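*Asks:* Chain by chain, the residues run as shown.
2 protein chains.
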Amino acid sequence: MSDPADPSAAGPAGIPGGSPAAGPTAGPAVGPAVGPAVGRRGSRGPKKVGAVNLRDVAAHAGVAPATVSRVLGGSQHVNPDTRTRVLAAAAELGYVVNGLARAMTGRGTRSIAFLTSEMAGFTFGATAAGAESVAAANGHLLLLCTTHGIPERERQVIATLCEQRAAAVLLVGSSGTDRAYTERIGGYVRDLAAVGSKLLFCGRPGLPGLPQVRSVDYDHGGGIRSAVSHLAELGHRSVGYVGAPRGGTMADLRLDGYLAGVRENGLEASPRLVAQAQNTIEEGERATPLLLDADRPPTALVCMTDNVAVGAYRAARARGLRIPEDLSIVGFDDVPVVGDLTPGLTTVRPPFRQIGVDAAEIALGLRDGDTDVRLGTSLIVRGSTGRVRD
Amino acid sequence: MSDPADPSAAGPAGIPGGSPAAGPTAGPAVGPAVGPAVGRRGSRGPKKVGAVNLRDVAAHAGVAPATVSRVLGGSQHVNPDTRTRVLAAAAELGYVVNGLARAMTGRGTRSIAFLTSEMAGFTFGATAAGAESVAAANGHLLLLCTTHGIPERERQVIATLCEQRAAAVLLVGSSGTDRAYTERIGGYVRDLAAVGSKLLFCGRPGLPGLPQVRSVDYDHGGGIRSAVSHLAELGHRSVGYVGAPRGGTMADLRLDGYLAGVRENGLEASPRLVAQAQNTIEEGERATPLLLDADRPPTALVCMTDNVAVGAYRAARARGLRIPEDLSIVGFDDVPVVGDLTPGLTTVRPPFRQIGVDAAEIALGLRDGDTDVRLGTSLIVRGSTGRVRD
DNA sequence: CTGAAAGCGCTTACAG
DNA sequence: CTGAAAGCGCTTACAG
Numbered sequence: 001m002s003d004p005a006d007p008s009a010a011g012p013a014g015i016p017g018g019s020p021a022a023g024p025t026a027g028p029a030v031g032p033a034v035g036p037a038v039g040r041r042g043s044r045g046p047k048k049v050g051a052v053n054l055r056d057v058a059a060h061a062g063v064a065p066a067t068v069s070r071v072l073g074g075s076q077h078v079n080p081d082t083r084t085r086v087l088a089a090a091a092e093l094g095y096v097v098n099g100l101a102r103a104m105t106g107r108g109t110r111s112i113a114f115l116t117s118e119m120a121g122f123t124f125g126a127t128a129a130g131a132e133s134v135a136a137a138n139g140h141l142l143l144l145c146t147t148h149g150i151p152e153r154e155r156q157v158i159a160t161l162c163e164q165r166a167a168a169v170l171l172v173g174s175s176g177t178d179r180a181y182t183e184r185i186g187g188y189v190r191d192l193a194a195v196g197s198k199l200l201f202c203g204r205p206g207l208p209g210l211p212q213v214r215s216v217d218y219d220h221g222g223g224i225r226s227a228v229s230h231l232a233e234l235g236h237r238s239v240g241y242v243g244a245p246r247g248g249t250m251a252d253l254r255l256d257g258y259l260a261g262v263r264e265n266g267l268e269a270s271p272r273l274v275a276q277a278q279n280t281i282e283e284g285e286r287a288t289p290l291l292l293d294a295d296r297p298p299t300a301l302v303c304m305t306d307n308v309a310v311g312a313y314r315a316a317r318a319r320g321l322r323i324p325e326d327l328s329i330v331g332f333d334d335v336p337v338v339g340d341l342t343p344g345l346t347t348v349r350p351p352f353r354q355i356g357v358d359a360a361e362i363a364l365g366l367r368d369g370d371t372d373v374r375l376g377t378s379l380i381v382r383g384s385t386g387r388v389r390d
Numbered sequence: 001m002s003d004p005a006d007p008s009a010a011g012p013a014g015i016p017g018g019s020p021a022a023g024p025t026a027g028p029a030v031g032p033a034v035g036p037a038v039g040r041r042g043s044r045g046p047k048k049v050g051a052v053n054l055r056d057v058a059a060h061a062g063v064a065p066a067t068v069s070r071v072l073g074g075s076q077h078v079n080p081d082t083r084t085r086v087l088a089a090a091a092e093l094g095y096v097v098n099g100l101a102r103a104m105t106g107r108g109t110r111s112i113a114f115l116t117s118e119m120a121g122f123t124f125g126a127t128a129a130g131a132e133s134v135a136a137a138n139g140h141l142l143l144l145c146t147t148h149g150i151p152e153r154e155r156q157v158i159a160t161l162c163e164q165r166a167a168a169v170l171l172v173g174s175s176g177t178d179r180a181y182t183e184r185i186g187g188y189v190r191d192l193a194a195v196g197s198k199l200l201f202c203g204r205p206g207l208p209g210l211p212q213v214r215s216v217d218y219d220h221g222g223g224i225r226s227a228v229s230h231l232a233e234l235g236h237r238s239v240g241y242v243g244a245p246r247g248g249t250m251a252d253l254r255l256d257g258y259l260a261g262v263r264e265n266g267l268e269a270s271p272r273l274v275a276q277a278q279n280t281i282e283e284g285e286r287a288t289p290l291l292l293d294a295d296r297p298p299t300a301l302v303c304m305t306d307n308v309a310v311g312a313y314r315a316a317r318a319r320g321l322r323i324p325e326d327l328s329i330v331g332f333d334d335v336p337v338v339g340d341l342t343p344g345l346t347t348v349r350p351p352f353r354q355i356g357v358d359a360a361e362i363a364l365g366l367r368d369g370d371t372d373v374r375l376g377t378s379l380i381v382r383g384s385t386g387r388v389r390d
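Chains P and X, in that order, are what the protein sequence lines are.
Residue numbering for the first sequence follows full-length UniProt numbering, beginning at 1 and increasing consecutively.
Residue numbering for the second sequence follows full-length UniProt numbering, beginning at 1 and increasing consecutively.
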């Protein structure tokens, strides 16, 4: 019973939803739908075994295969009567075009791939959702791949994607910035180009060494700077930063944003105001005390991500510090629920969904121009930031 | 410059990562990798235009296409020397097998599809991640599709998946329970079976009318019952429920779990202890007051989901109610950050990732037996639940 | 408007 | 162990 192909499970014929949906141009079912025409009145020997194909439809309609291909392919000039006859035959046999075969002739729609390190987290989902909506609206499927950050796995995935002839691959999220990384990506770009595909950066900036790879990103630095400015306006002069050390695109951009914000607003600038933490709550909880327990602790913290900020909340609370009376905190990403913390987290919101949408549109060639796109962010002010205590 | 196929972008030959990875059995690159062999010393007329194919490799190695197919296909008996020669030729030409063509002969690996209403949210991501890991480990790609809950879109997606010959489709998440729904799904099952594919329920129970469709789910009812029991142990006698009205698998199962829990623990049972709210924070915020503002309000609330619970936090706070002193609250799902609310949310944690893993394994036929699987949940006790006030 | 033929790129019996 | 041939299911010039 675990075999859904069991004909005995077909149920009563004629149930709506059971219509052989066929291709985008096929009409509604007419007669009782059937699966593979196995043993259908012994019409043509014991040959057929797979699904019904185009030739079956042609025979059933009394036309040549080429004609069936034309009407199903939405071709131009076809006699209305012939068209009707073919459509009826297709529906009657429950014909479903073989997309694989079609793709081989160049007419098929190739899928677009979304390649990310981990597919967990809100930011991933929002971006993927944006890409999916565009893909779907254009008849493409979205392939979801994960590298877990290991090069060998990444290589493997790209190879598979080349074989499957993905239309394009969106490389999503932060990445390394070293020379080895650039060369590795450069290899992917060539491999993909060899099969008519292309690479696109999504949610991360382009690579200097790879100017031909377009990027769809948001303004990491600008977002952080707006957070720093917000704190400066509230009177803070000593603002700390908790985030990942240099070495990744996101870490670099956000840290640089902090540094620029400090400079622009004439705030205290000092290495002792920066604590290193990877992007997890635990890391934020671990690193924040490095700043809070110092001699003259900062009155406000800008965190690389909301995860880190939540860790900062924990650390502050553990020390009996009130937010924002004793310490203001700003996050980045605006993931769900952080607005319901006590107090709500002030944070920078990137247009994740839009990033996915733009990337997919570019990947599908729906957009002209060849420039990178970089979207703006918005500062969501909630209760975790307040005027500095006098 | 937006064309990644631009040969001038190929950079210096010999860069690692740029190796023509080819199929799973192809060896490492040897000479300088090249893309399509266009114009390569005019070797065979102006014919070639696409990527290099198997015949090119055969010619380059001085063997028949069938032989190349054998060594690349990991076939058995092939002369070692011949194998070496073919592998070298493949690497030299940067050959990448065409998965589409291979799939047409039945040898290719078909992708598995993950079909969900919305691809937002933690639960979705965790489940998909589990499925992806299994798919990847077995050389399959994961297709991500979205229906936005609209039947027409759902139909469209299934049709496309049939055309693309997906190996299986995982129908993920809650759904309707009415007869029309069952018939619609029944149609999909037949359509998929006709192309050798199958349907699987994931994170939701099976449909009585469709016993042949297997389901991989977790114990919604048991999870809620454990929450109710937990509250009963804390002395609560009047426990309310906030969740969606009947009509969906998740809503039904969780509400039934509440009802059973109330009965099992001999708690107050009354329709006025149940408030209806869809699965969003706002809905929880809207519906909770219906219970709190009643004559003899419950001392504890079980919410269908964490979203609803967060809404309940808002409502309680708006009334000056302390959690858990004045009101205990339990959620369901254990999405990120709810543990950092004030107080941390006590909630039921389903094994989302495992659900995805199991579903994918079954879809890929990696598991025997034909029974449905239903995994257990764990109650994560945090600060939002406490002894009832005397 | 419609057929017959060739081709897309691979794999698999069938014969050596 | 290896070739030549046929076939997978579709589409596209090429001729009517």
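Hints are computed from structural coordinates only; laboratory data are not their basis.
Keep in mind the model is a prediction, meaning the values are calculated, not measured.
For every residue, glycine included, the Cβ atom is placed at its ideal position computed from N, Cα and C.
Among the clues, some could well be false.
Among the chain X residues that face chain P by a calculated CB cut under 7 Å, a handful are [stated by the list, open to error]:
(1) A232
(2) G235
(3) D372
(4) V373
Across the chosen pairs, the derived CB separations fall in these ranges [unchecked claim]:
(5) X:A137 with P:P245: 44 to 52 Å
(6) P:G106 with X:R367: 46 to 54 Å
(7) P:N138 with X:H77: 53 to 61 Å
(8) P:D256 with X:A137: 33 to 41 Å
(9) P:P80 with X:P65: 17 to 25 Å
(10) X:P151 with P:G106: 44 to 52 Å
(11) P:P245 with X:V381: 33 to 41 Å
(12) P:G73 with X:H77: 50 to 58 Å
(13) X:A180 with P:G209: 31 to 39 Å
(14) P:T280 with X:R367: 44 to 52 Å
*Asks:* List in ascending order the numbers of the hints, as given earlier, that are violated by the structure.
*Replies:* Checked against the structure, the hints that fail are numbers 1, 2, 3, 4, 5, 6, 7, 9, 10, 12, 13 and 14, while the rest are satisfied.
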